[in-house]
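Q: Protein chains in written order, with the numbering used here: chain W, 2 to 221; chain Y, 4 to 274.
Note that these hints are calculated values from the structure, not bench results. Where hints are given, some of them may not hold.
What the hints assert, rightly or not - Covered, in the sense of this in silico footprint (three residues per stretch, anywhere, with C-beta under 8 Å from a C-beta of chain W), are these stretches of chain Y:
hint, stretch
1, 53-62
2, 102-111
3, 117-123
4, 131-142
Source: prediction; values computed, not measured. Ideal Cβ positions, reconstructed from N, Cα and C, are used throughout, including at glycine.
So you can see what is in the structure, the chains are spelled out below.
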Amino acid sequence: MEWKWEFTWEILPRLVVATGNTLVAAGAGYAIAIVLGLVLALAQRAPSRVLTFIVREFVEFIRSTPLILQIFFVFYVAPQFGIRLSPWVSGMIAIGLHYSAYLSEVYRGGIESVAKGQWEAATALNMTALQKYRRIIIPQSIPPALAGMGNYLVGIFKDTPMLSVIGVAELIHTANAIGAEHYRFLEPYTLVGIIFLAISLPAAGFIRLFEIYVRRKIRL
Amino acid sequence: MQDFSKFPLEIKGKNRPMVSFKKVRKAYGELVVLDNLDLDVAAGEMVSIIGPSGSGKTTVLRMLMTLEKINDGVIYVDGQPLTHMPKDDKLVWANQRYLRTRRADIGMCFQHFNLFPHMTALENCMEGPVQVLRISKQDARARSEELLEMVGMIDKKDEHPSRLSGGQQQRVAIARALAMRPKVMLFDEVTSALDPEVIGEVTHVIRKLVAAHNLTMLMVTHQMGFARDISDRVCFFYGGQIEEQGPPAELFGNPKKTRTQQFLSAVREAI
């Protein structure tokens, strides 16, 4: 088995397209996770004990079961209850839901890191609960949460290959297809590895820079 | 269900106190912090609260700011109940919505300033007026700048708290509280966390307030000299009760109770 450059160039365009799909999947999944994660984090602090308990258990459940099982549930089990979704939509929902549980913990840590005095000062200004979160607490809880949020961005990107099992044409799915067509796996898998590396490594660096930028910007 | 029928629905009359604690009790589980506290503060009066740590002095202010719930009794502000609300001609515990309507009368400054670190000095002052009082940004800015001028911080209005000294932060915090136009101002050990050389700039601001405004003020402090200078009345707290109170000259000059004498001589020893 030797490396064939000609074959490499031939399959590269297909992998570039698949890279785009992977990035879209990761991006959309992350967008869902980032919003839903905040909702879950705030719901866990709600005055209602029942709501807090339900959300807490939900987060624990998501975190304690494999992502692939959740993907299967959304894609294969949901249709049996009449909810029929495309592989793409199922994949985004499953991965977004999965990571929202992890992100909610990151937000929770950030919110809990805000000093008690900040809540009291906000109360002394007679703010509503919503105003306290929106104006005082959340802006201060984001910077300490950024590192964790960045880790999960890279994490969600590396987990997108899971979506290949339900037929989302991301990188691994495409590499598999190429391999099966040509009976050559060395080049496609190597390229996929290089592409993941080429995106993950700089991303981690950018996240770090962004964190520094945000901290400076709000002078924490 | 507690019965509050022995407390009036409101306190009427022209000479009604601005703040009135009636039989207030506060306990953390078994530990009773304040027991059966009765304290009236007249409109425009400056009352200092002194006493050993653990005597419940800070709790008095925190209850008034509604940061702590009380276990029994009623607190009235400007004649209206604060901790309770009228329902079917009876007082019941206040809910959040009612508290929001009553809390506007009270402003507070904290030992550790608690400025919002992600906002400039000016933004800290404008936050309450714009978000809570819903006045226009222009008006809020004018009001805030005027107050920052008064506390001598107008030059630093665009600085974030991390760039300010403790004394400067506390002066901004005073401006921030005043921007809400409270009827009652609470100062909770506002100089305790400050370096000795900057205490003066904060006490100077409070002196100015006492001289120029008709605000009702309650101040918890360890600075006996300052309390003596500016207070209309000094309350000595001991073991969750007011052990002794009176005009500063009397309480500091001729304390009647043994515990007051002991405390004051111990404090003098420390200086």
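Q: Each hint should be assessed against the structure and marked as holding or not.
A: Going down the list of hints, with the structure as the test:
1. For the stretch 53-62 of chain Y, the proposed coverage by chain W is not satisfied: 0 residues have a C-beta within less than 8 Å of a C-beta in that chain, short of the threshold of three.
2. For the stretch 102-111 of chain Y, the proposed coverage by chain W is satisfied: 6 residues have a C-beta within less than 8 Å of a C-beta in that chain, meeting the threshold of three.
3. Judged by the Cβ-Cβ criterion of 8 Å, the stretch 117-123 of chain Y is covered by chain W as claimed, because 5 of its residues qualify and three suffice.
4. Evaluation of the coverage hint for the stretch 131-142 of chain Y: fulfilled, as 3 residues show C-beta separations to chain W shorter than 8 Å, against a requirement of three.
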